[in-house]
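In order, the protein sequences belong to chains A and S.
According to our numbering, the residues represented by the first sequence are 1 to 334, in order.
According to our numbering, the residues represented by the second sequence are 335 to 569, in order.
Hints listed in this document are in silico derivations from the structure and should not be mistaken for laboratory results.
No incorrect hints appear here.
If the Cβ cut is set under 7 angstroms, some of the chain A residues that face chain S in the computed set are: (1) Ile-209; (2) Asp-217; (3) Glu-222; (4) Gly-225; (5) Ile-226; (6) Asn-227.
Derived lysine-lysine pairs resembling DSSO-like cross-links, with alpha carbons at most 27 angstroms apart: (7) Lys-447(S) / Lys-427(S); (8) Lys-563(S) / Lys-533(S); (9) Lys-14(A) / Lys-427(S); (10) Lys-406(S) / Lys-436(S); (11) Lys-447(S) / Lys-436(S); (12) Lys-14(A) / Lys-436(S).
Calculated from the model, a selection of chain S residues having no Cβ within reach of chain A, i.e. all distances over 12 angstroms: (13) Phe-348; (14) Glu-364; (15) Gln-526; (16) Leu-545; (17) Asp-558.
Note that this is a predicted model, so its numbers are computed, not measured.
Ideal Cβ positions, reconstructed from N, Cα and C, are used throughout, including at glycine.
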Amino acid sequence: MTTTAAPLRANIFKQSLLVSGLFVLAVIVINFIFFEPSTIAVVLLSGLYQGMLFFLVASGMSIVFGLLDVLNLAQGSFFMLGAYSGFAIYTALPEGTPIGVRFVAALVGATVFGAVLGAGTEYVLLRPLYARPIFQIVLTFGLGTAIDEIVRAIYGPAGLVPVSPPQSLSTTFSVLGGRFETYRLFIILVGFLLMVSISILLQRTRLGIIIRAGVQDSQMVEALGINVRRIFTLVFVLGTAVAALGGMTAAPFLGAYPSMGGQFLLTAVIVIVIGGMSSYEGTAIASILVGLIRATVEQISLQFYNTPILASVSILIFMVVVLLVRPTGLFGRE
Amino acid sequence: MTQNILSVEAVHTFIGQFHILEGVSFDVPENSITALLGRNGAGKTTTLRTIIGLNPPSSGQISFNGREIQGKPAFDIARMGIGFVPDYRAIFKQLSVEENLKIAERVPGELQKNIPFIFDIFPDLERLFYWPGGQLSGGQQQMLAVARALVPDNRLLLIDEPSEGLAPVIIEQMISAIRQLSTSTTVLLVEQNFHVASKLAEYYVIIEDGLSVHMGEMENLVNDPALIKKYLGAS
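Chain A extracted, bound-state conformation (with noise of 0.2 angstroms):
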């Protein structure tokens, strides 16, 4: 095999990184103008903290609507679940199991536990319906619903206090003279840990490039001769379990309580949209740039307001202001 021409770049990535990347500049000259050094510092690591957060609920919706055309609205209920479960098994151990080790059981638990309900959900509920989006977007609605519901009875409306991380990530660490808690930056490296991974395993993998053609075409991967039903089993799973292990991941700074879910949805659902509907790139940076924006509106109308109201409105003005520029959203295709 020999290479005889370098690969061509598609013209509208490149201009959607530009797009990405002037709104991402124009948030930090805001931050500028409004904060000290120090504030600016806690700002910036307080937005990639919420868009990490925001990333681990929507990449899994991006991906999973982009290849089976549904739309999970039970994608929070995963969330929630996920910090939910990973308590349960953080208190269920032996007592003096050390808590570094609870801790690791309960992210790699919370995990598992995310795949194999997300692989129940996808085999019993969503597979008879693949033919009727309208139904499963319903069916997840209701799900989503009833998890909730049936976790607020077990557990009660006022949630679960925080569980304790490892000693070293309970600390926090100064940074440009403000501080920050060590935990919130664990988080910020997970988060770009998986962003990263599912990159790779979208760009440089078989089973990415049957997902990537998917997207496009599912009824022609399948005259390839490839089990395409088995391909929406496995990123059905991919996304309820990352959106799990983001709920356990939460839960020791957020703690777990029956609507954080829901919270999380909705956000995750404006971030897809403001990425392109179905574009795995579009959801990462679009996560991020929601992170923050939330974060610097926050800040500024903490410190003028003394309320932190703000927050939650502007992404939705930024969604606005990004669907006017570009309807199809960040990386959206028509």
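Following the hints, put chain S in place on chain A, whose structure we already have.
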């Protein structure tokens, strides 16, 4: 005596409530090119999609290489050794030419093994190997679609409208390519352009209103203008 690699017997296919194939029967001899002919909407494309399993038949029998395949999922049928090139080409536009070919591998290393043969038939693809599929011209996409079916060791290729929408010079290239690949595999093609079909195929089957109404050797059809006019509207 030539063996049949594919036998289609009394096949009926519905798409939704529409009864598209109402009894199609024909055989495809091994190591030959057979053309499915007929007017627009006669059921030619549905016949190919029924064979590959994308529109499963409601009744009838389809045997490939001595094994019944009707009712099996499309991926199973494809893995038995049938390649499908649809009329809309189905190039994955976001994937490179290399990835479009790589996805068709059924055994690791197949692309590496067959790429010299593919580049021999379609030399342009070597130059375009790392280009996104969506940036290829119509003719190049058609070449890629056929090339993709050559990556695994298929024994039968189903090619739908290989000349559709192509410039005359590209059609000639495509004719030459299909002729070349037919030395190693059997081809069943749907072709609206009778000139192209008659240059390529040794056998023909005419489909009319979902029924196979006439079949035989292409040489005989070419010499029967009345039959051509009756079923194909050309002379």
